[in-house]
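Chain A is already provided as a structure; the job is to place chain B on it using the hints.
Which chain is which? The protein sequence lines are A and B, in order.
Residue numbers are given in the numbering used here: position 87 of the first sequence equals residue 87, and the series is strictly consecutive.
Residue numbers are given in the numbering used here: position 94 of the second sequence equals residue 94, and the series is strictly consecutive.
No lab work stands behind these hints: they were computed from the structure.
Errors might be hidden in some of the hints.
[Unchecked claim] In silico DMTMM-like cross-links for lysine to aspartate or glutamate, where the CA-CA straight-line distance does not exceed 20 Å: (1) A:Lys83 <-> A:Asp63; (2) A:Lys42 <-> A:Glu59; (3) A:Lys42 <-> A:Asp86; (4) A:Lys57 <-> B:Asp97; (5) A:Lys78 <-> A:Glu44; (6) A:Lys57 <-> A:Asp86; (7) B:Lys71 <-> B:Asp55; (8) A:Lys83 <-> A:Glu44; (9) B:Lys68 <-> B:Asp31; (10) A:Lys83 <-> A:Glu18; (11) B:Lys71 <-> B:Asp49; (12) B:Lys42 <-> A:Glu44; (13) A:Lys78 <-> A:Glu18; (14) A:Lys42 <-> B:Glu39; (15) B:Lys42 <-> A:Glu1; (16) A:Lys57 <-> A:Glu68; (17) B:Lys42 <-> A:Glu3; (18) A:Lys42 <-> B:Asp49.
[Said to hold, decoys possible] Partner residues aside, some chain A positions facing chain B, computed with beta carbon under 7 Å: (19) Ser48; (20) Ser101; (21) Gly106.
[What the hints assert, rightly or not] Label pairs and their in silico Cβ distance ranges: (22) A:Glu1 <-> B:Arg57: 17 to 27 Å; (23) B:Gln58 <-> A:Ser55: 26 to 36 Å; (24) A:His10 <-> B:Gln81: 26 to 36 Å; (25) A:Glu1 <-> B:Gln81: 17 to 27 Å; (26) B:Lys68 <-> A:Glu85: 29 to 39 Å; (27) A:Gly16 <-> B:Gln60: 42 to 52 Å.
We treat Cβ as the ideally placed atom computed from N, Cα and C, and that holds for glycine.
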Amino acid sequence: EPEVTQTPSHQVTQMGQEVILRCVPISNHLYFYWYRQILGQKVEFLVSFYNNEISEKSEIFDDQFSVERPDGSNFTLKIRSTKLEDSAMYFCASSDLEQGSIQYFGAGTRLSVL
Amino acid sequence: GESVGLHLPTLSVQEGDNSIINCAYSNSASDYFIWYKQESGKGPQFIIDIRSNMDKRQGQRVTVLLNKTVKHLSLQIAATQPGDSAVYFCAESGLNDYKLSFGAGTTVTVRA
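Same shape as in the complex, but just chain A:
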């Protein structure tokens, strides 16, 4: 069964450092998303991406965040200068053209900012 894969599973970084979280969405999907989940809290939307551009972003997704689809399979989230409060699980998701709301999630990357 096709699945969304994310790497790494756990990323530890120092405050102020740049991190890149990587995702390989399901191959025939056209919509891509990043969400985050702070420990014990609900899943929060960060950004959606379609046709090589951001279609929507939340207030959390400020200038420190960026997304990119560098090739036909990868979808990345970059945080330029990490803050302690960026520590969370980051989930990548994808959906197809016909049922965009039904999103399939990866297992997540746990980001720990020290």
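For chain B alone, kept in the frame of chain A given last:
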């Protein structure tokens, strides 16, 4: 602001019994409602969805009910099994807006 939320943060169920997980939403413009299951250390897993023009939808051992009058969504799990132990989230999105807004989650624990 608009939000999606759950009535109870935890639910303990005897194996074999039916489970009912509730969710209240406030955005009357929402078009899709989706239930996700999240097991420890994993990402949310799609269970079932329902569109706003429906009031009931059934899947394998699961039923989702939508009451738009009171903005209430529920997930019923028949014959709950130990593998059903997880956190369950309801989420909603608009017709042309695929951004998902999640509720706070209900932790379901199945007792043997």
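Verification of the hints:
no. : hint                            : verdict
1   : A:Lys83 <-> A:Asp63             : holds (13 Å)
2   : A:Lys42 <-> A:Glu59             : holds (16 Å)
3   : A:Lys42 <-> A:Asp86             : holds (15 Å)
4   : A:Lys57 <-> B:Asp97             : holds (11 Å)
5   : A:Lys78 <-> A:Glu44             : holds (17 Å)
6   : A:Lys57 <-> A:Asp86             : holds (16 Å)
7   : B:Lys71 <-> B:Asp55             : holds (11 Å)
8   : A:Lys83 <-> A:Glu44             : holds (17 Å)
9   : B:Lys68 <-> B:Asp31             : holds (11 Å)
10  : A:Lys83 <-> A:Glu18             : holds (10 Å)
11  : B:Lys71 <-> B:Asp49             : holds (15 Å)
12  : B:Lys42 <-> A:Glu44             : holds (16 Å)
13  : A:Lys78 <-> A:Glu18             : holds (7 Å)
14  : A:Lys42 <-> B:Glu39             : holds (14 Å)
15  : B:Lys42 <-> A:Glu1              : holds (16 Å)
16  : A:Lys57 <-> A:Glu68             : holds (14 Å)
17  : B:Lys42 <-> A:Glu3              : holds (12 Å)
18  : A:Lys42 <-> B:Asp49             : holds (19 Å)
19  : Ser48                           : holds (6 Å)
20  : Ser101                          : holds (4 Å)
21  : Gly106                          : holds (5 Å)
22  : A:Glu1 <-> B:Arg57: 17 to 27 Å  : holds (22 Å)
23  : B:Gln58 <-> A:Ser55: 26 to 36 Å : holds (32 Å)
24  : A:His10 <-> B:Gln81: 26 to 36 Å : holds (30 Å)
25  : A:Glu1 <-> B:Gln81: 17 to 27 Å  : holds (20 Å)
26  : B:Lys68 <-> A:Glu85: 29 to 39 Å : holds (37 Å)
27  : A:Gly16 <-> B:Gln60: 42 to 52 Å : holds (48 Å)
Going down the numbered hints, you'll see the structure goes against none, and every one checks out.
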